[in-house]
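Asker: Take the two lone chains, each set in its own frame, and fit them into one complex as the hints suggest.
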Amino acid sequence: MKPASRAFKTNATRALENEPLQRALRGIKYGFVANRAKARASLPEFDRLRDEARAIKEHTLAHLDLYLEEYESKVIEAGGQVHWAASADDAREAILKICRDAGARSVTKGKSMVGEEIAINEHLEAAGIKAIETDLGEYLIQIRGEPPSHIIAPAIHLTMDQVEADFRNIHKNLPPERILDEPGQLVAEARAVLRDGFLAADVGITGANLLIAETGSSVIVTNEGNGDLTQCLPRVHIVIASIEKAVPTLEDANTILRILARSATGQECSTYTTYSTGPKRPGDPDGPEEFHVVLLDNGRTEMLGGAFHDMLRCIRCGACMNHCPVYGAVGGHAYGWVYPGPMGAVLTPSLIGIDEAGHLPNASTFCGRCEAVCPMRIPLPKLMRHWRMREYEKGNTPARYRWGLKLWAFAARRPWLYHALTGLGASLLARFGKRRGRIRSLPMAGGWTRHRDLPAPQGKTFQQLWRAQEKAS
Amino acid sequence: MSGARKRQSVLEGIRAALGAGGSDKTRKETVRKRLKSPRANLVPERASKDRAGRLELFTGMLEGQGAKVSHAKGPGDVPEIVAAYLRDNNLPTDFRTGSDDLLAAIPWDKTPSLTRHRGRGKAGDGVTMSRARAAAAETGTLFLTSGGENPTTLNFLPDTHMVLIRADDILGSYEDAWNVLREVYGQRTLPRTVNLISGPSRTADINQTIVMGAHGPRRLHVIVVG
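These protein sequence lines are chains G and U, in that order.
Heads up, the first sequence is in my numbering, so the first residue is 74 and it goes up one at a time.
Heads up, the second sequence is in my numbering, so the first residue is 0 and it goes up one at a time.
No lab work stands behind these hints: they were computed from the structure.
The beta carbon of each residue, even a glycine, is placed where N, CA and C say it ideally should be.
Any given hint could be a false lead.
Calculated pairs, BS3-like style, for lysine-lysine (alpha carbon to alpha carbon, straight line, at most 30 Å) [unchecked claim]:
#1 G:K203 x G:K75
#2 U:K48 x U:K35
#3 G:K102 x G:K82
#4 U:K72 x U:K109
#5 G:K507 x G:K544
#6 U:K67 x U:K109
#7 G:K479 x G:K467
#8 G:K203 x U:K5
#9 G:K203 x U:K121
#10 G:K82 x G:K479
#11 G:K467 x G:K455
#12 G:K111 x U:K48
#13 U:K121 x U:K109
#14 G:K455 x G:K75
#15 G:K82 x G:K467
#16 U:K5 x G:K75
#17 U:K5 x G:K170
#18 U:K121 x G:K245
#19 U:K48 x U:K67
#20 G:K111 x U:K121
#21 U:K35 x U:K5
Pulled a few chain U residues facing chain G out of the computed Cβ check, cut under 10 Å [stated by the list, open to error]:
#22 A15
#23 L34
#24 G63
#25 L101
#26 W107
#27 G118
#28 E137
Pulled out of the complex, with its shape left as it was, chain U reads as follows (with noise of 0.2 Å):
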């Protein structure tokens, strides 16, 4: 059979099942009311909290999934704040960053210590950085996409991930941050990935103990500014 027939073959299958013919309108309609204007569902209330509120919530979901949040008053305050973590988990002073508007308006120079590499994640990279574009609080969730801001492959392939949100992009559901993402993209389109991220990589897949570092980062980083 064709792609073509095989194609036919299922839809009718499935029309036949549900005992309705190729012309009826109403289901059209139906479907094409809900696609074109989505609607939210049950949220769960821990999602309406004030800005301090979800910023509190949102902390204590990514500490709780084994995630370290700082915050910092301002760009000017990210370099030394990036310098300690490194400094104080031992691990090395450069860094992979796509090209962001955010990550490039930090004054990386203040601290020289710090070498910022710039482009797609590579075999062994040890350190990367990534801008989330919105994140919900309900469950210390980071939405990041992809492109030449911040390539994908700097979510995944590092041993330690950085993330830097404005403390305003942190929002309380993942409706909101649904949102947020359609006025950047327009109402039924996304970039090609969305990576929502709530810590680092894990498996309980031997003997149903957590461990760290499974094949992604075994390390998250979320630095709030502002």
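Excised from the complex, chain G in its bound form (with noise of 0.2 Å):
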């Protein structure tokens, strides 16, 4: 996919006017960060658990070389292949050979970011292959011509009207008259429609949140089952996975899943977890004939040890983002690639770079919550200010941007004159805002009051009130 990260503030200020997008970004208060709340509350151990597996994470990327090695040798002994992929395009070209070779006409998906980060679809679509994305959300943003909007819910900026007009429009064998005012009616067309594609797939693609070095299996986790129909019925599975989410052992493995699922969709579990080790054994009356795990390096090594090293410990649950208040605003669409929210803002210009991306560590208000809520206790906000210093040492920052900065660190540097300044604003602000005890419009600050007010100030700085109260005293 081309990033439109450059336009991100055009972007942002459309999404804030979209006002479907308004209202289905609304729920995610009272679904995932409600259920989250209440997932974590029934846990006792869940922080302990974040501590453990960021442990477990940082002990596996301080062996990472030695750890794939060991995941690779179980998976050929298991009667499996690995393709080694340095870039986004060795993936796709592993990929197309492999469909190739299978004399693929279609090909089923199961959900993968991975597969999104390499645009997988668009590659097997230019081949002539027929790439069917099997995850419901995937599928609805698939026929859209969309990219995902969030990590783990990748409709989610849709409402269900929407969903209707477009199966209306795609599923044109089926009756017209048709009532489909309920989510479930929807989901039921669906389940009916793309079941024919995973009955006629020649392969099954899934991603995978864990390679298991200890027994050479990649895990997936899904609520739809869908993941399972992707690799269980074509003759071939490939998994796509980024080579950063390997683990140990099957115990470090419970860690991480005991706190994904919680702080993803605030279930105790996903419904459906899946281990899968190599292709069909002998005796087993199912499963594919061959199996293929391309693992994906496209930048990781690059963050292995550096400033983003913590990036790599991510695994994709979308906390992060759910509890955004830039990302509840705005959508995801808005951060114009594969990964929104605050780890998007620190992965995406590792990815394709600080110039592509630059305005992403800049959408955020620092306010903590992503770190506060990151099961894998990554400092989101102070990755992004690496980016914000690498951008403004570029020299990429406006000059308004560095203009303002320049005055600032001026007046910071002058106590007398910023207790002035900051004196002086207080109280005219204080005037303007009187009748009604909040501002709605300010001159010069439009893009700030044009989508929220604020509340008047009292007419003091704290440090006047404080001096105030001393000589009160």
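Answerer: In structure tokens:
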């Protein structure tokens, strides 16, 4: 997918005015956020599990070469093949070759963010192979030709009316008078349509949440069961996974799984967690005859041991975006590429470059909620700040910002001036907002006040009040 | 670049980033030990209940996730429970299973209204039944293993999936369940597929509203035996 992250500001403005999107985004607070809080409250060990999960990932990253070799040797022992891909191109090429060798005409896909990252569908379609997304959310956006707007709920930006319209438009062979006004009816229709796709597919492609070095197993979690139909029906199963998904043992996988679903949807666990180890064995009546793993680097190695190393712990739960006030206001498409929200603001510049994605680390108020909820304790605000510094050093920051910062720094280094200016500001704003007690528009700050108001200051700065109190006592 | 060269380049990149040489003995020893004798990390307290407590937690968790749980005193009670469930839900009375011993030992012919077919799951299967090797009460999770005894396709193709599990196989934690599989399949070895199943298929992709039966079974009926 061609990045549109340069247009973040325009996209964000458009998103704020998009009423159906705003309606869809309001649901996050009552769904994911409330459910995560409940799940955390019902597991007293939750925060200690987060510490352990972080330690497991750090241990794995410090021995990543060795665990990947172990994982690879177990996959081969089980009869599977491992394909190493340094770049997105390598991965696309490897997958296309496997599909061609299998004589594939249609491919089903389980949900995979790495699949989005390497834009595998477009690549297969260009080679004349039909790629069908089977996760319901992914299917909804595939038929609209849109990228995902959330890493675990890719169609969270859509309302039911939009889905109904799309289904009527795409599923032309179904009676036009059918009733589709409940989620259940829409799900039933998608189930029936996609079932045919599952049964006809020659190759199934899934992602992986974890790669277990102990057993050579890859793990996927789903609620729908689509990932399982994708991998147990076709003749060939391809797993596409990035290298940082490795963990040492089944026990280590347990720890990460215990925090994954709780952080993501707020479930105790996902409905289906599936461990896949190699192809069909002697005596197996079902399962794929061929099993391939495509191991993708695509920039991870460069993050290892560097300023953005912590980001390699990410398990793609989506908690950071669910709790992000910026994501909650503009949704995922505004970010312009595959990974939105705080994790996207850190990862996207690593993967496609700061020149493309320089706006994203700025799309944060540094409120810190993302770090507070991150199950892997990734210091997301700190990492975004690193990007801002790099952007500044590169001279990418617009002149207006640089001057603004310089002016602020000039005042901040002269406390008498700073106090005088903030005192003046506080008393002016107090007078300005006196009648209503709130300020709804401000000259030169329209970008702020168009979408929100702010309480009017009381007229004195904290320093002034403090001094007055000291004098009185 | 050839496959072997790409592999080499990724691994060398990682080693360079970590500042690790190819012959680093300590690192290799650390990895070897961790894989040879896997150790449990923190296991939630709720997983360490007695048998009755485990059964209660297991049942509560599964029901909370939309599954139905029934209890059979012995194999002889299973056919009637199955027949009643299928009748109550207006479901077909023929179902498919693999060749699992526990399923074969059920006196199905006691209840002539039921017809058991054998084999892997097929498109259009209404009802199937599998046996779970183990379960973890901590989240109400069944562990099903692939093979002729319990083909994986039976878990995902039908509208209604029934799972039999012996009460003794309901353990506390995931760790307990993996240790059972390690005993059956050996160290560092798993069957082709292990399915951890904790309820019927569901989605919340439309309107953030939970709907059962996205792609997998709409109904999950778990029968605890013993």
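Asker: Evaluate each hint against the coordinates.
Answerer: Consistency of the hints with the structure:
Between K203 of chain G and K75 of chain G the CA atoms are separated by roughly 21 Å; this keeps the pair inside 30 Å, and the hint holds. Note on K48 of chain U and K35 of chain U: the hinted pairing holds, with a Cα-Cα distance of about 28 Å set against a maximum of 30 Å. For the hint linking K102 of chain G to K82 of chain G, the alpha-carbon distance of about 24 Å falls within 30 Å, and the restraint holds. For the hint pairing K72 of chain U with K109 of chain U, the CA-to-CA distance comes to about 16 Å; that is within 30 Å, so the pair holds.
Of the pairs offered as hints, the one joining K507 of chain G and K544 of chain G holds, with about 27 Å between alpha carbons and a cut-off of 30 Å not exceeded. For the hint linking K67 of chain U to K109 of chain U, the alpha-carbon distance of about 23 Å falls within 30 Å, and the restraint holds. For the given pair, K479 of chain G sits about 16 Å from K467 of chain G by alpha-carbon distance, which is consistent with the 30 Å threshold. Straight-line distance between C-alpha atoms of K203 of chain G and K5 of chain U comes to about 28 Å, which keeps the hinted pair within the 30 Å bound.
Straight-line distance between C-alpha atoms of K203 of chain G and K121 of chain U comes to about 23 Å, which keeps the hinted pair within the 30 Å bound. A C-alpha spacing of about 23 Å is found between K82 of chain G and K479 of chain G, which places the hinted pair at or below 30 Å, so the restraint holds. Taking the CA atoms of K467 of chain G and K455 of chain G, the gap is near 18 Å; set against the 30 Å cutoff, the hint holds. Straight-line distance between C-alpha atoms of K111 of chain G and K48 of chain U comes to about 22 Å, which keeps the hinted pair within the 30 Å bound.
For the proposed pair K121 of chain U and K109 of chain U, the alpha carbon gap of about 26 Å is at most 30 Å, so the pair holds. Note on K455 of chain G and K75 of chain G: the hinted pairing holds, with a Cα-Cα distance of about 27 Å set against a maximum of 30 Å. Proximity of K82 of chain G to K467 of chain G is assessed by CA-CA distance (about 20 Å); at most 30 Å being required, the pair is judged to hold. With a C-alpha separation of about 26 Å, the suggested pairing of K5 of chain U with K75 of chain G holds against the 30 Å cut-off.
The suggested pairing of K5 of chain U with K170 of chain G holds, with an alpha-carbon distance near 16 Å, which does not exceed 30 Å. For the hint linking K121 of chain U to K245 of chain G, the alpha-carbon distance of about 27 Å falls within 30 Å, and the restraint holds. With a C-alpha separation of about 22 Å, the suggested pair K48 of chain U and K67 of chain U falls inside the 30 Å cut-off, and the hint holds. The hinted pair formed by K111 of chain G and K121 of chain U fails the criterion: a straight-line CA distance of about 39 Å is larger than 30 Å.
For the hint pairing K35 of chain U with K5 of chain U, the CA-to-CA distance comes to about 29 Å; that is within 30 Å, so the pair holds. Hint status for A15 of chain U: holds, given a least beta-carbon distance of 8 Å to chain G, under 10 Å. Satisfaction of the interface hint for L34 of chain U is found here, the shortest Cβ-Cβ separation to chain G being roughly 5 Å, below the 10 Å cut-off. For G63 of chain U, the shortest C-beta to C-beta distance to chain G is roughly 8 Å, which falls under 10 Å, so the interface hint holds.
Because the closest C-beta pair between L101 of chain U and chain G is about 18 Å apart, greater than 10 Å, the hint is violated. Because the beta carbon of W107 of chain U sits about 20 Å from the nearest beta carbon in chain G, more than 10 Å, this interface hint is broken. Against a cut-off of 10 Å between C-beta atoms, the interface hint on G118 of chain U holds, since the closest Cβ of chain G lies about 7 Å away. This hint holds: E137 of chain U has a C-beta 8 Å from the nearest C-beta of chain G, less than the 10 Å allowed.
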